[in-house]
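By our numbering, the letter at position 22 of the sequence shown is numbered 55, and the numbering carries on one by one without gaps.
Worth flagging that the hints you see were computed from the coordinates, not collected in a lab. You can trust all of the hints, since none of them are fake.
Under the rule of at most 25 Å between Cα atoms (straight-line distance), these lysine to any residue pairs were calculated in the SDA-like manner:
#1 Lys80 with Phe90
#2 Lys49 with Phe88
#3 Lys76 with Val87
#4 Lys92 with Glu52
#5 Lys79 with Arg44
#6 Lys76 with Glu91
#7 Lys55 with Arg38
#8 Lys48 with Phe81
#9 Lys83 with Leu62
#10 Lys48 with Arg73
#11 Lys55 with Ser78
#12 Lys49 with Ser67
#13 Lys92 with Asp43
#14 Lys55 with Leu36
#15 Lys49 with Gly94
#16 Lys49 with Phe81
#17 Lys80 with Tyr41
#18 Lys48 with Ile82
#19 Lys79 with Leu36
#20 Lys49 with Ser84
#21 Lys55 with Ala35
#22 Lys92 with Thr77
#23 Lys55 with Gln70
#24 Lys76 with Glu47
#25 Lys92 with Ile82
#26 Lys76 with Leu36
#27 Lys48 with Ser67
#28 Lys80 with Leu56
#29 Lys49 with Gln70
#30 Lys83 with Ala35
#31 Lys76 with Val57
#32 Lys76 with Glu52
#33 Lys79 with Val53
#34 Lys55 with Glu89
#35 Lys48 with Arg63
#36 Lys48 with Lys92
#37 Lys48 with Gly86
#38 Lys83 with Asn46
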Amino acid sequence: MALQRNYYRDRWNEKKVWEVVKLVGGYYLRQYISGQQVGRGMKTSKKFIKSIGVFEFEKVGGIAG
Numbered sequence: 034m035a036l037q038r039n040y041y042r043d044r045w046n047e048k049k050v051w052e053v054v055k056l057v058g059g060y061y062l063r064q065y066i067s068g069q070q071v072g073r074g075m076k077t078s079k080k081f082i083k084s085i086g087v088f089e090f091e092k093v094g095g096i097a098g
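Work out the full structure, taking the sequences as your base and the hints as a guide.
What follows is the structure, encoded as structure tokens:
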């Protein structure tokens, strides 16, 4: 089974892109600023990602900033 990766451009910082990876048991969330990953990322739930508003951001093709 291939991982499903979606990228969302932050509404308030156009250089920041959020990567949401759908896993079998949950989701993995990473953020990139100007194409560079910030931090390690975190395993989380769809409920948490929805609560911080990532799914409402503009969907983009990749991390190119």
